[in-house]
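Participant: Residue-level listing of the chains:
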Amino acid sequence: MALRAGALIARGSAGLLLALLFAPLAAILIRAGGGYLPAPADWAAVRFTLLQAALSALVSVALALPVARALARRRFPGRRLFIALTGAPFILPVIVAVMGLVAIFGVRGALNTALAQLGLGPLRIYGLHGVVLAHVFFNMPLATRMLLQGWQAIPAERFRLAAQLNLPPAATFRLLEVPMLRQVVPGALAAIFAICLASFAVALILGGGPRATTVELAIYQAFTFDFDLGRAAVLALMQTALVALAAVAALVFARADGSGAGLGRPIARWDAPRGWRRGADVLVLMLAAAFLAAPILSLALSGLPGLAQLPAGIWGAAMTSVLVALASAALTCLLCLGMAAGLSAVVQGVGLLPLALSPLVLGTGWFLILNPVIAPSVLALPMLVAVNTLMAMPFCLRILAPAYARAESDHGRLADQLGLRGLARLRWLVLPRLRPALGFCAGLAAALSMGDLGVITLFGTSGQDTLPLLMYRLMGAYRTEAASAVGLILMALSFGLFWLFDRGGAAPDA
Amino acid sequence: MKHLVLATGCLLASQAAAQTPVLNVYTYDSFDSDWGPGPQIEQAFEAQCACDLVFTPAGDGAALLSKLRLEGARSKADVVLGLDTALMAQARATGLFAPAQVSADYALPLAWTDDTFVPFDWGYFAFVGNADGPKPHSFRELAASDAKIVIEDPRSSTPGLGLLLWVQKAYGDEAPEIWKALSDNIVTVTPGWSEAYGMFLEGEADLVLSYTTSPAYHVIAEDDDSKVALPFEEGNYMQVEVAAMTAHAPQPDLARQFLAFLVSDKAQSILPETNWMYPAVKPATPLPAAFDQIVPADKALLMSPEEAEAARAPALDAWRSALAR
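These protein sequence lines map, in sequence, to chains Y and P.
Residues in the first sequence are numbered consecutively from 1, following UniProt numbering.
Residues in the second sequence are numbered consecutively from 1, following UniProt numbering.
Don't read these hints as lab results, they were simulated from the structure.
Glycine residues also receive a C-beta, built at the ideal position from the N, C-alpha and C atoms.
Just so you know, not all the hints are guaranteed correct.
Covered stretches of chain Y, as calculated for chain P (at least 3 residues, CB under 8 Å) [to be verified]:
| hint | region |
| --- | --- |
| 1 | 92-100 |
| 2 | 224-235 |
| 3 | 300-313 |
| 4 | 474-482 |
Where chain P lies over chain Y, by a calculated footprint (3+ residues, C-beta under 8 Å) [claimed, not checked]:
| hint | region |
| --- | --- |
| 5 | 106-120 |
| 6 | 196-210 |
Sequences and hints are given; from them, build the entire structure.
Facilitator: Written as structure tokens, this is what we have:
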């Protein structure tokens, strides 16, 4: 009974999501009066998009594996801070992150300055490797969090047993970790692949020119410079098809987890190997921390001098951004809980789709739908919340769905026997088990929403600046220092929100 | 004092709301920012029109036009401010604009006869660099040098499109060769002006595609004379920014009045130091020395709107294949 209600809610939520996504596409197609056949340049863009997204996903997850493993089996001071740091790159506004990467890896960046001191030639960041580097910077931390969650979901009893049996690390890996990875890795790969598919500014700037043209750039061009709505819609459909393929592939390859239920005790890792493996873990963590922290630190430093020139509108903009972020976080968690209740594979696949449709496509479509009814500028902030929610959903669903499934598979039968249903089941079974995942989701959704420029420029609001918009405006008015300072405030607020939610939900062990 | 004005304003607004007509002006984002001309223009025009001027910002010039096209005849816009000559042919073809019969004694390097689109400021595209850095005098010299440049993408930004048309106008059929020769100078291509200029300031490149007036900002606002704009022997391509009233303007009279105001001395003297462009009409008070022309008038390059529209697609293809290696 409870399950049937859950499935109903899940289907309802998935249906709502599909409507929110595809109504705008339909509106654009109708307005365009039909589609368009992709030109050779579009296919070139598709090929490059696929290549960079696939490489970025593979490298991100490959690098995340040792980091997540080290985090899972080591306890050290600063571990919590490290885990919190893994949220940071992901939530930076694109332009801020690019500037941070350039400050470290660019022609005059810290890395090349250091290399020059050693008498080594400069490394060029621009090219396919630069695109992958930037995407790894954004997504490796996300992959780490997803994998770490997988490790933490292995019941503590299994590790205790492994320690009692005195299993060598290789055997623990094969018996406990590989089955978990087979379940988690495909989802992480698919999610990152899908995120990178829709990359535009990062791919162009770090790709070094038109070689690095992605489908998203072609969509932008079609909307603004060519006003070819049919082409924009067809390109958006192609992008959606690619994401759908990735989602299906992830579902096919993900195997059911066989590690069974545990009692949810804090995990103690008696098996954590000593000797050289300990040194290797330390090295991995230090390298990862340096890679993630260096660009962020340089951004923070470059933001400091401008703090004295912060414009008067900063606190109003900050307030607007925080309110939008909180609303998006609440909506995202509600919708994701609804969808996770269904547990069905299809529902989870649907959850990746928003990644395929950029804010630009969604915004334009909804603009077309709403314009005859109501002045779009009135709805700028609600639209911003809606689009940010859609953009955050894929990640949150990826994180919540497995946790929900585990709660149900581990304790669902007991809850059934006890007759726990509806809200009571949610309160006593689901929410306590989902707390860490929910906290992470809310933090992620809030922070993502803070950094996104989204649809606000399209809908146009006079006097309702958000922080990213304010930053772009300062940059556009030559005020680079002040823009960096706004970037710093934006970073601090995003990270603060993320940290509050994430810590608020964290289990004592995490 | 400010509060008193505000309070009086609120009180009056409630009584006057019914009578005060609203003039809706769509413009690009940086025009309406606190650092752009928007606030001063609004204040000055409202002082003479007995109306409420409302700016609605939307991205850049191209985004502005596509927003208007999305809205079509239902648009509430009376005036669209911030298109340029590269977008004019497309804009005219939409049929969404109407002649305003506004003219002035323009100080443009070329004659202006269009009766629909009113030019309000203009500038030259130019590579901007550091005074102690490389200063090539032409595209060929730039291509032969090892100077590094950051440029904007012509598919997503107005300056990028300007550079594309510049090379096309200066070199015609040889343009693809110039692009091929430039390809090893290009550090990267950015989606918009802000990213490119930011990367230049970070030191990622010696030169960035910007405007001849960019150094004026650094001199006047930052007291920094280390930036220079380079005049090229081929000539520098112009950007003329225009405004026009819409065919379905709810307030056509106010729209005409606003366009006339835009080329009046009052508005023209606001523009240079807020929009960092040259005024379309010579203002009564002379401009600061930082605005002195570095490009002689006979080196001003510009395609007519029709020419630009026809050249765009083939030039883009050539650009893409030359740079895609």
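Participant: Indicate, hint by hint, whether the structure satisfies it.
Facilitator: So, going through the hints one by one against the coordinates:
Check result for the region 92-100 of chain Y against chain P: holds, 3 residues qualifying (beta carbon to beta carbon below 8 Å, three or more required). With 3 residues having a beta carbon nearer than 8 Å to a beta carbon of chain P, the region 224-235 of chain Y meets the requirement of three or more and the stated coverage holds. Three residues within the 8 Å Cβ limit are the bar, and the region 300-313 of chain Y against chain P gives 3, so the coverage statement holds. Here's how the region 474-482 of chain Y fares: 7 of its residues keep a CB closer than 8 Å to some CB of chain P, so the rule of at least three is met and the hint holds.
Counting residues of the region 106-120 of chain Y whose CB lies closer than 8 Å to any CB of chain P gives 3, so the stated coverage by that chain holds, three being the minimum. Residue count for the region 196-210 of chain Y with a Cβ under 8 Å from a Cβ of chain P: 9. That meets the three needed, and the coverage hint holds.
Hint check: no violations occur; every hint is consistent with the structure.
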